[in-house]
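Chemist: Here are the chains, one letter per residue:
Number of protein chains: 4
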Amino acid sequence: MKNTIGTSVSLTVFGESHGAAIGAVIDGLAPGIPVDEEFISAQLSKRRPSGKISTSRVEQDRFSILSGVFNGKTTGTPLTIIIPNENTKSSDYTVGPRLARPGHADYTASLKYHGFEDFRGGGHFSGRVTAAIVAAGAIAISALNSKGIKIGTHIKSCGGITDREFGNIPEEIDMLNGLDFAVLDPEIAGAMKEKIESAASEGDSVGGVLETAVTGFPGGVGEPIFDTVEGLLAHALFGIPAVKGVEFGDGFKLAGMRGSEANDPIENKNGRINMKTNRAGGVNGGITNGMPIVFSCAIKPTPSIFKTQDTVDLATRENAVLSLKGRHDPAIIHRARVVVDSVAAIVLCDLLAGRFGTDYLSGRAD
Amino acid sequence: MKNTIGTSVSLTVFGESHGAAIGAVIDGLAPGIPVDEEFISAQLSKRRPSGKISTSRVEQDRFSILSGVFNGKTTGTPLTIIIPNENTKSSDYTVGPRLARPGHADYTASLKYHGFEDFRGGGHFSGRVTAAIVAAGAIAISALNSKGIKIGTHIKSCGGITDREFGNIPEEIDMLNGLDFAVLDPEIAGAMKEKIESAASEGDSVGGVLETAVTGFPGGVGEPIFDTVEGLLAHALFGIPAVKGVEFGDGFKLAGMRGSEANDPIENKNGRINMKTNRAGGVNGGITNGMPIVFSCAIKPTPSIFKTQDTVDLATRENAVLSLKGRHDPAIIHRARVVVDSVAAIVLCDLLAGRFGTDYLSGRAD
Amino acid sequence: MKNTIGTSVSLTVFGESHGAAIGAVIDGLAPGIPVDEEFISAQLSKRRPSGKISTSRVEQDRFSILSGVFNGKTTGTPLTIIIPNENTKSSDYTVGPRLARPGHADYTASLKYHGFEDFRGGGHFSGRVTAAIVAAGAIAISALNSKGIKIGTHIKSCGGITDREFGNIPEEIDMLNGLDFAVLDPEIAGAMKEKIESAASEGDSVGGVLETAVTGFPGGVGEPIFDTVEGLLAHALFGIPAVKGVEFGDGFKLAGMRGSEANDPIENKNGRINMKTNRAGGVNGGITNGMPIVFSCAIKPTPSIFKTQDTVDLATRENAVLSLKGRHDPAIIHRARVVVDSVAAIVLCDLLAGRFGTDYLSGRAD
Amino acid sequence: MKNTIGTSVSLTVFGESHGAAIGAVIDGLAPGIPVDEEFISAQLSKRRPSGKISTSRVEQDRFSILSGVFNGKTTGTPLTIIIPNENTKSSDYTVGPRLARPGHADYTASLKYHGFEDFRGGGHFSGRVTAAIVAAGAIAISALNSKGIKIGTHIKSCGGITDREFGNIPEEIDMLNGLDFAVLDPEIAGAMKEKIESAASEGDSVGGVLETAVTGFPGGVGEPIFDTVEGLLAHALFGIPAVKGVEFGDGFKLAGMRGSEANDPIENKNGRINMKTNRAGGVNGGITNGMPIVFSCAIKPTPSIFKTQDTVDLATRENAVLSLKGRHDPAIIHRARVVVDSVAAIVLCDLLAGRFGTDYLSGRAD
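Residue numbers (this note's numbering), protein chains in the order written: chain A, 1 to 366; chain B, 1 to 366; chain C, 1 to 366; chain D, 1 to 366.
Worth flagging that the hints you see were computed from the coordinates, not collected in a lab. Take the hints with a grain of salt, since some may be wrong.
Because identical chains cannot be distinguished in the list, a pair is counted as satisfied if it fits within a single copy or across any two copies.
When the alpha-carbon atoms are kept at most 25 Å apart in a straight line, the in silico DMTMM-like pairs for lysine to aspartate or glutamate are as follows [unchecked claim]:
no., residue 1, residue 2
1, 253, 165
2, 276, 202
3, 253, 37
4, 253, 185
5, 253, 202
6, 73, 165
The whole structure should be built from the sequences, with the hints applied where relevant.
Modeler: Pasting the structure below:
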């Protein structure tokens, strides 16, 4: 399915950085979900670059919903949303004789598409296409919210600075979703931004780790082998440019623990079964256990840097030195957090629709 | 598709720990691939427990191929391989009133299957089913080998001991595939095993990290969004019980680097384009770049430990204390490495067949 | 997915006519569905050849359930059922120098599998594999029955003899399911059998049309474009060897009608909305309307005939004349009817699970 | 996947009759296929209503390609094409209190979407969405043509008039593709149109049968069980509104033949193996045999007629009498033929890419 993820609810993403428009099709969403265009705009604005820590290419992200919405609610048929590209400066990206940018997909795209790819601004590989994911994801997030399911992401680490851990998750999700720069500890936002600006001033970039929590998601969802909740989420999350690692709960830290530390003890607390700890990140055997689903994504530093780099010319295959010009992000982690939420929301809607049927997320009175 | 992974080449896994048999169906394999039953046995023996560092339940893993092989070669139609369960002691697992084992899927299975699940020995959630994956994966590995593609995994860390890094990968893969306890530095095998035995002696268990390398895999394979090489591999790898994290190349370490450190410079070396470093693990923009594909899996410590644990009784939902008896692995990382190779091999065959057609892996003369 | 059909509930079929066993994996079935081994046997016996109108190769069809059933009920994990091949006489099929049998897949298999195919008795293309479909389908039929959904098929025409049309469908389905030779009009069974025997006596074979009805299936199931109820059923039904046409309701006859004849008027009859006629076969716009789902399959005459036929030798590619020996069916339509029911039942279970969730067919108390 | 068909090459269709736009996404097309906008327009004009035998709602079908094309060729990434709806007169369709139109999906849509569906002009169920299929299909047809594969459809029967049979197929395909009203026998076009006009003058409509032939398609493509060429084509073809039956080769006529008549004898003719007849329609055992692929679709009469019809009011569920007003087609068969070609072309591209790899349809020099 290539540029599509999901079975019961699916998302297809299309478009290129400097083409007419980017967009997305969500299919399988329940009918009757309110589509809040202001919320879509607000989500897009979280992804939109702003300030010194982002690129100066700013798109207005004026989206249009072409299908699947009627009287302000989802119809249940494919919902297509497009965002025209407005602020494109292709000249910035013309690096003379098509030098492959290290860390980008220029070279691999040329292997796969034999030179027919739209290479302007990274084309289909540009982070630009994530705007379409965010627009579509906003509707999925609305649907989850209406079922009492919340999702939020914080910058766990960036440029060597580490945020504090999740505590009272549902409240913290609300707090994070109100922030432009999503950290749990407000004291560290400045320090992180300084690290980004410092890298920018050196023509360099930084990465980081995003940690996401989902609350209110029912237990008993997911499949034992292959269509595990971890596998489905990871499959989709690796589709976000720059994600190079995904872990659940304590993830790689679990590898260094003993079983007696890593196992989450189970208890009946006032009639509700839950785990005393949540090292598993809410999933056992691929199936949700009713605890918050928690996962982290490693975001590599933005590959577009101003330092000179060794590379090859894709036309001649000869060695060359690349000095990038143009507008680039010294970090995308603060913008990527809403993309992670959006991708995860689509996968979670898919899981719920598969488990409980296509009307589960519907706004209709049962 | 639930217990199935793959599109052009797919693997379906079935069976329960104490049922009649476990097994797997591979569909979409090219016709004419030699099926080497000795190699299948050898792979199974790498997964089979042995010595003090494993459970004392030892299955002979006498597999039968029911379909899809004719005159010693794949036919191209579905290949089904089953392994009867022989050494089952269900009494070991009867922990009285169905106490959910922390870290296992007992509780989540009860949420999903409402008590109809075969809970004996973990049922379908048992690591036992990975034997079927290994048997099927052996054929996929043979097919890859015939194309000059090699795959091998080492124990990167276990019980706090760390192996050295990959160096000359193709040779090291051959070396690793000849070992029962797969480490690059032979000096540390003893230390790791001591850590496992030490945990065992305390009724506890350990986890670790497995790192896998694939050489000879062509560039230009994979899709930009969603069906990325990373996403497809991670989707499948999270299906292995105990995997809680997957990262590519330098993975989570990339999150702490600057772009100038993380980008792999590109060069034309004697007419062949390659990267001077391989921090990306052989994949850019979801597509292979011709460098070795390198990824790591976090393996949590075996959840079956002999220490008493807090839990609930699934029948009464009341709080309880669990003291496990029976035969359990203090570590499964040394056995899991061949499962990782097998799962990865299936995914890689799927990618190749999708990219180059169903005859690509065929043994036929072209 | 090749030998797999279905999304929420899927069926994978494997095996060859003269291999060790044929079998099937059903995945996604709800937990708690009673598995009635006697009913499976009874369904298999409807497919088993008997009498002069069938081949003399009679298999006992002693099936084994390898996984997915515990305490007599489905667990919800993959259910694998195998049927060993016992009565194989490969010598019958050795027609000297591999002459392609006209109307069979011998030639097309050689194009696809390059000679690696198991050609004995048609291999994977043999009608034999439909026994596995019937065994798996029996469980799907049980699940549907427990929800008040019935399915039955009659031989609408065979050898030029035509059965009467459906009347009181639910009762007729019960009646048909009790018959070995399924016709609505008991008077014509003899005439049809005579036609088959007459063809057999001339070394020839006959085909026919099967018409299937499903009652009790809820309305509002199916998708508008591509995953229509018609499309999903047809996709699966064409997987039955010998099916060369599928139509819904009045099907091809509708093509000759005017709109005023073809449209089914709608009425509210005692509070229940239904159609006054059912020319659409229970589906409008790809979605069920609550009326019986009715469809017909064209079954071509068995291609194995004793008359001499022009063909080629697959080894030498030279022209040749084929005179088949061995045991062959002069008709398979009376045996195919239970295969049609089985395939349809899997698709209908898939549709219900996708629409109403994985527990819909569960036997659990809600 | 619902509104998506295909695996290696997939088509997703979206939009509603009176929404902003309809459109389609094709994913998986090889890079480098020339995109001929004039050919797309020409294909759309074949589908566009004209004259007395069609509705008077005429859309200009001014399409825009939003993504996936660069420098006039496919890039290999998702190709999205949209067609804004311009000439919508929603008032025509307001039949007062939402009376369900018999033969349409109004009632089934209300069951599935609970009233949230966009019912204007049939919404997503309108034949209007087939314009998007035609636009996308034009590119698939171009890709097939570049490989020497041709596809064409004639009106086999309409209003009781029957066209002659295919003879010299490749030439006839060229001839048919140049016609607005596609019949092999030019003499009968007038008679068929008269039948349509005659039905129109009585406020009624007619249906018919479309027969399609594909030449130049390689043998050895397709899968034995479930992903048969017949099953994949039928799955997609039933997605075209009004298709109620699909048959291959002689289809339902085969059911009345004997084996000796139905089998296609095989011969080596000048070194090329082919069949002396083509009753199987080019497919044996689900796999192509190198002969023309031939199939027929039953097209029911247009359900929108001006005669009064019994129905119910969807709002009140009460019985009602419907008298349609507005602009409707007395026949759509002459317009549907290009939709059939388009759907089939997508499926055939999917089959080829799956069998021979993603570059097979590429325009690149190998």
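Chemist: Run the structure past the numbered hints and jot down the numbers of the failing ones, going up.
Modeler: Hint check: 3 and 6 fail, others pass.
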